[in-house]
Amino acid sequence: MSGPGIPNYLDYKWRRRGLDHDRFPHRNLPQARPTVWPGKARVAFWVAVHVGHFPMDMPRTPFVAPGGVDRPYPSYWDYTQRDYGNRIGIYRLMRALDARGLRATALLSSAVATRYPALVREIAASRWEVAAAGVDMGKLHHGGLAEAEERALVEEAASTLRGAFATPIRGWHSPAHSESMRTLDLVAGAGLDWVADWINDDMPYQVTTSAGALTAMPLAWDLSDQRLLFQQHMDTAEFVEQVLRAFATLYGEAARSGSGRVLTLTITPWLMGQPHRIRALGGLLDRILDHAGVWPATAAEIVDAWRAGG
Amino acid sequence: MLAEPGHYDYAPYTGRPRIVWPGGARIAVWLAPNIEHYELEPPDNPRKTPWPRPVPDILNYSHRDYGNRTGFWRMADVMARHGVRGSVSLNVAVCDHFPEIIERCCALGWELFSHGTYNTRYFYDLTEDQQRALIADSRETIRRASGQSLDGWLTPAITNDETTQHVLAEEGIKYTLDMVHDDQPMPVKVRNGRLISVPYSLEVNDVPLFQNRNTPVERYTAMVKAQFDQLYAEGAENGTVMCLPLHPYLIGQPQRIAALDAALAHIVAHDGVWLATGREIAAWYTEHYYDTVSSWLASGTPGGRR
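Here the protein sequences line up with chains B and A, keeping their order. Be aware that the first sequence starts at 1, since it is given in the numbering used here, and climbs by one per residue. Be aware that the second sequence starts at 1001, since it is given in the numbering used here, and climbs by one per residue.
There's no promise every hint is true.
[Stated by the list, open to error] For lysine to aspartate or glutamate, the following EDC-like pairs were computed, each having C-alpha atoms within a straight-line distance of at most 16 angstroms:
| # | chain 1 | residue 1 | chain 2 | residue 2 |
| --- | --- | --- | --- | --- |
| 1 | A | LYS1189 | A | ASP1178 |
| 2 | A | LYS1048 | A | ASP1125 |
| 3 | B | LYS13 | A | ASP1044 |
| 4 | B | LYS13 | A | ASP1096 |
| 5 | B | LYS13 | A | GLU1041 |
| 6 | A | LYS1225 | A | ASP1271 |
| 7 | A | LYS1189 | A | ASP1291 |
| 8 | A | LYS1189 | A | ASP1009 |
| 9 | A | LYS1189 | A | GLU1004 |
[Claimed, not checked] From the derived model, a few chain A residues whose C-beta atoms are all more than 10 angstroms from chain B:
| # | residue |
| --- | --- |
| 10 | ALA1080 |
| 11 | GLN1148 |
| 12 | ALA1226 |
| 13 | ASP1229 |
| 14 | ALA1265 |
| 15 | ASP1271 |
| 16 | THR1286 |
| 17 | ARG1305 |
[Claimed, not checked] Going by beta-carbon spacing under 10 angstroms, a handful of chain A positions derived as facing chain B:
| # | residue |
| --- | --- |
| 18 | ARG1053 |
| 19 | ARG1074 |
| 20 | HIS1097 |
| 21 | PHE1098 |
| 22 | ARG1104 |
| 23 | TYR1118 |
| 24 | ARG1256 |
If you're looking for bench data, these hints aren't it; they were derived computationally from the structure. Even glycine gets a Cβ: it sits at the ideal position worked out from N, Cα and C.
Model the full assembly from the supplied sequences, consistent with the hints where possible.
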């Protein structure tokens, strides 16, 4: 039997050269403008740390963010294990990074800054870059959110962090990589100038918004500890192996193409900050830093170098 | 609803007419890169929701987009280095959206076959006329972009409806990949015309492996090698087909691309391997074995245990 049919199913509104939206043009990575990093480094090494707050009463709609509360209320299981990251795990990460002279970019829920001023002081003392990552992990940006409500979330996140830190807040990451159609307009409107939500590239690219341009940064998701360790239940050794494989590919590509690449290490205090994993992180960092031509940099430093034409 | 597809009769993996591939090869190996576009705002389909999150699902959309911007180029370079061509399972709208990708495929001598218009336009619930219109669009788009004829078909997201295989045969499609019931090509029973199935794979396929089964990178290479080794051994008795489906948004990630490199190095190091395209496999089988196998099937699969 044949189907009943679906009206207008063969209409293709966006079938044209380029993408089916107007945020940025399509780019084939081999044809991208060659990028030369400071010191002619082959690979810019960006450590991005998710520092999220997960309220125990967070809503479960329209979906639960990875790591979000998904057991029956009141889930001490979920709440306290995530909170462990901000009490203990992040300090282990700081020590591991400080010991190697590395500065991370914290993708920070503004609720963390409000709740834990002591952690704010430590992040500032480590000279990490701070980027706004929404208010908390229960306040998702998504297509069902009213514009005023979403604008208020962006502004609350940015202004809270600007009040808490003396250094500029320039970057944005939407909780759970989730956006509405207007999120990027609101982010640019709040005076931010880089964003790390879309996972379609290994290099920065420019995004158009109604409030000026943003630079998109390649925040690894398929290679993040949340994806591999938490969602895919792999072990720490496999995570280390995959990051090193990615590094080898990008390092080789940079040499062959004459254009720098970005390796993003996307980690989470409640995962990589666990006692049984922290030494593996140190070993991973050493293996990468062992190579000549690695430029450890924050997102803002990479954005500035990329914009300057490299 | 049907209790079975009804497109083939049971055929034991014993007593079959012997297949030998060109040059006396015992195994035909073909790579099927799925070059796809998933729409940011796809239309609704009654049986399948395109995105797991509310639209715009920019996480999953941009993950797929990685394949076209980044992963494809890396994957194509590795395949070219091993001298292995692809048979592209193509969402044909990619010809309009990203013509440079199609140019690269053509320059490498790859086959293009259709994987529908977009990977977010399913065949569930379509009338036969709608299915025909989609197939005609694929035929015209592939011819315009590459000069190639449309010979092969994999329904987008494998969302064929009950009548799709019949419509494919009537529209002149020569081989279908919608069924994974065999390690050899097989005649497909259709109401008009002639159609064969060519083996595809949901086993050594990077989507189920990396996305659903959480496969470590090194395991992927080991599984592809094991798949090849077994089909290569069996091919000495009766020629087999191994398909390696690829999705550049997964296999083209920097942490995974070397796993493909290692798997291909293993395969091309063997003698007696026919590195073919889907079209070539279908043509060889149709010319040399379609009638023989059809007679064997019609006479009740005689032969039995060797």
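Hints versus structure:
1. A:LYS1189 x A:ASP1178: holds, 13 angstroms
2. A:LYS1048 x A:ASP1125: holds, 10 angstroms
3. B:LYS13 x A:ASP1044: Judged against 16 angstroms, a Cα distance of about 14 angstroms means the pair holds.
4. B:LYS13 x A:ASP1096: holds, 13 angstroms
5. B:LYS13 x A:GLU1041: Holds, at roughly 10 angstroms.
6. A:LYS1225 x A:ASP1271: holds, 15 angstroms
7. A:LYS1189 x A:ASP1291: The given pair, whose Cα atoms are some 13 angstroms apart, holds under the 16 angstroms limit.
8. A:LYS1189 x A:ASP1009: holds, 8 angstroms
9. A:LYS1189 x A:GLU1004: Distance ~13 angstroms between LYS1189 (chain A) and GLU1004 (chain A) Cα, so the pair holds.
10. ALA1080: holds, 13 angstroms
11. GLN1148: holds, 20 angstroms
12. ALA1226: For ALA1226 (chain A), whose nearest Cβ neighbour in chain B is about 19 angstroms away, the distance exceeds 10 angstroms, so it holds.
13. ASP1229: The claim stands: ASP1229 (chain A) keeps its Cβ more than 10 angstroms from every Cβ of chain B (closest is about 24 angstroms).
14. ALA1265: holds, 16 angstroms
15. ASP1271: The claim stands: ASP1271 (chain A) keeps its Cβ more than 10 angstroms from every Cβ of chain B (closest is about 30 angstroms).
16. THR1286: holds, 27 angstroms
17. ARG1305: holds, 40 angstroms
18. ARG1053: holds, 6 angstroms
19. ARG1074: holds, 8 angstroms
20. HIS1097: holds, 6 angstroms
21. PHE1098: Holds - the Cβ of PHE1098 (chain A) comes within 10 angstroms of chain B, reaching about 6 angstroms at its closest.
22. ARG1104: holds, 9 angstroms
23. TYR1118: Since the shortest Cβ distance to chain B is 8 angstroms, the answer is holds.
24. ARG1256: holds, 7 angstroms
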